[in-house]
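Fit chain F to the known structure of chain D by using the hints.
Those protein sequences? They're chains D and F, same order as listed. Taking the numbering used here, the leading residue of the first sequence gets -8, the next gets one more, and so forth. Taking the numbering used here, the leading residue of the second sequence gets -8, the next gets one more, and so forth.
Because the hints were derived from the structure by calculation, they are not lab data. Any given hint could turn out to be false.
For chains that are exact copies, the list does not tell them apart, and a pair is met inside one copy or across any two.
[Said to hold, decoys possible] Straight-line C-alpha distance at most 20 Å; calculated EDC-like pairs for lysine to aspartate or glutamate: (1) Lys298 <-> Glu222; (2) Lys50 <-> Glu102; (3) Lys200 <-> Glu154; (4) Lys298 <-> Glu156.
Protein chains: 2
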Amino acid sequence: MVLPDGASSPDILISECGPRDGLQILSQIMPTEAKKRWIAALHAAGLREIEVCSFVPAKLMPQMADAAEIVAFASTLPGLTVLALVPNLRGAEAALAAGAHKLTIPVSGSEEHSLANVRRTRAEMVEEVRRIVDYRNAHAPHVPVEANISVAFGCTIAGPVSEDEVTRLCVSLVEAGVDDSGLSDTTGMGNPVQVKRLFTRVIGEIGEKIGAAHMHNTRGLGLANVLAAYEAGVRIFDSSHAGLGGCPHAPGASGNVVTEDLVFMFEAMGVKTGVDAASLVRSRAILSETLPGAELYGMLAGAGLPKGYRPASPGVMHGQP
Amino acid sequence: MVLPDGASSPDILISECGPRDGLQILSQIMPTEAKKRWIAALHAAGLREIEVCSFVPAKLMPQMADAAEIVAFASTLPGLTVLALVPNLRGAEAALAAGAHKLTIPVSGSEEHSLANVRRTRAEMVEEVRRIVDYRNAHAPHVPVEANISVAFGCTIAGPVSEDEVTRLCVSLVEAGVDDSGLSDTTGMGNPVQVKRLFTRVIGEIGEKIGAAHMHNTRGLGLANVLAAYEAGVRIFDSSHAGLGGCPHAPGASGNVVTEDLVFMFEAMGVKTGVDAASLVRSRAILSETLPGAELYGMLAGAGLPKGYRPASPGVMHGQP
Chain D
-8 MVLPDGASSP
2 DILISECGPR
12 DGLQILSQIM
22 PTEAKKRWIA
32 ALHAAGLREI
42 EVCSFVPAKL
52 MPQMADAAEI
62 VAFASTLPGL
72 TVLALVPNLR
82 GAEAALAAGA
92 HKLTIPVSGS
102 EEHSLANVRR
112 TRAEMVEEVR
122 RIVDYRNAHA
132 PHVPVEANIS
142 VAFGCTIAGP
152 VSEDEVTRLC
162 VSLVEAGVDD
172 SGLSDTTGMG
182 NPVQVKRLFT
192 RVIGEIGEKI
202 GAAHMHNTRG
212 LGLANVLAAY
222 EAGVRIFDSS
232 HAGLGGCPHA
242 PGASGNVVTE
252 DLVFMFEAMG
262 VKTGVDAASL
272 VRSRAILSET
282 LPGAELYGML
292 AGAGLPKGYR
302 PASPGVMHGQ
312 P
Chain F
-8 MVLPDGASSP
2 DILISECGPR
12 DGLQILSQIM
22 PTEAKKRWIA
32 ALHAAGLREI
42 EVCSFVPAKL
52 MPQMADAAEI
62 VAFASTLPGL
72 TVLALVPNLR
82 GAEAALAAGA
92 HKLTIPVSGS
102 EEHSLANVRR
112 TRAEMVEEVR
122 RIVDYRNAHA
132 PHVPVEANIS
142 VAFGCTIAGP
152 VSEDEVTRLC
162 VSLVEAGVDD
172 SGLSDTTGMG
182 NPVQVKRLFT
192 RVIGEIGEKI
202 GAAHMHNTRG
212 LGLANVLAAY
222 EAGVRIFDSS
232 HAGLGGCPHA
242 PGASGNVVTE
252 DLVFMFEAMG
262 VKTGVDAASL
272 VRSRAILSET
282 LPGAELYGML
292 AGAGLPKGYR
302 PASPGVMHGQ
312 P
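Next comes chain D alone, as it looks inside the complex:
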């Protein structure tokens, strides 16, 4: 579990993945200036790690054509860890050249999803991760590399995913040199018992190298699964502003856990996030403006913060949204 500098005061790290996971699924392309405004607003709300883009060929994913410019912009925001997704060594080289602070590599938990998503087996992906780590060690030793297991709790192609195999995959990735490895419920198929069981088991194997719980709200269980992961000892949570997001290779997968609802849950529970839920609710306006017609998720935005709400994080403004 690698916490970024300056984030030692919050109890958990919320890693905002909207600008990458949210935008990649949309057919429309958010203009670069809008992305900058959005990322600045997320930072202003207190988020200290943002997955700002992925480094993939622009012809495959034109939404991410401005990745290098976005990394350069995000790097100007004080205290922010600028996270970039890279599917392979070529992407990692580009991300490091652009100045990304941290790399995240998705590795599928099922062979079927791996072949459909990156046309490689899981074993081939572990080798690719090893090459990325070697490259990082040689050229940017201060940049953490994480690898998260996609479809760790179920796969739209394979159905159930072996917990033995997911656990072994995490161990292989740590042996390959990643700084942490997390588990993603890419298509929202997990349930709290399963989430707690698998995270507990993986933590038993890789200990402090455990990374993020990346939960989707596809079937409404997103926050219950986050709670289960928290109870298992996870302290990094991926989520997406307004719940934007999904997976292009996982049909029917929509809806990351909503950052503002997640922040509200933890702050109300007494767990410090360092993030201002009300500010996140207000900045949904940027999405309505710049992504006309895109579906925005989340319940806090409609209901507002409850009367007498007292967030756990000190010094964070929490006005009524």
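Showing chain F alone in chain D's frame:
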């Protein structure tokens, strides 16, 4: 905790409150025949307790004018506990005359909400509950009476609600003779830590007399709060088909926990509900048809059951919705 006859096989009791809690908030009135079709579909999906109506003056709540006819119809469905909400002795007399199998009485957790909702103090409501129990003892001793604390986790008028006072209120209600007493998050202000703490405390005081967790999804925490209540030992959960519902005296309160999502969560977790989630998804069509324009909530309906889904309940059909 009073489980109805025939429900000893499931691990938990889901008490469907849509026909009462869902309909009372809507301005449109569901026709009596539509209500019957809906209740029959809920029963066919495996639900074995349904809060079918409230006994209140028809001029105050015309949506419930057909309460007696609905109770008579629901009583023909085999194995179903026909639950009716009654706010006072007059309502209880009418409900028992109509043949309701079980009565539920709401008692506010805050003085402010109590006065706004029923123009009575909480102490006056405890006295009213005692009169209802006395009447029940004299005229229908086989009919269980439950009293649930509204706004137990926060009040839109008063803000935070004293956990000492809620606990004492539950004890007073049990002393007044109710069969069980549960806690309602009427306006979706609770969080999992609070829910677990307060249920644990109340169970410590009233033990097996603990009733339902009635959670709302107002701010997206509904299922996380259900999970917290389950972990505290609660085994009865109120929920509403398609998340219909709210409270007319709690502004901004919308969205009961969605029955189909709740069933999916528990069945996936290995907790038997006896209810078929796919059947509930299909019967949302009755609501779209008969309540045009009403907002239907829930995530399972859009996503469908996951590939390889294996529900815990044996003998329940779980087709793809």
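Hints, one by one, checked against the model:
1. Lys298 <-> Glu222: Neither way: Lys298 and Glu222 sit 27 Å apart in one copy and 27 Å across, limit 20 Å.
2. Lys50 <-> Glu102: For Lys50 and Glu102, the Cα distance exceeds 20 Å both inside one copy (26 Å) and across copies (63 Å).
3. Lys200 <-> Glu154: within (18 Å within a copy, 39 Å between copies)
4. Lys298 <-> Glu156: For Lys298 and Glu156, the Cα distance is within 20 Å only across copies (19 Å; inside one copy 46 Å).
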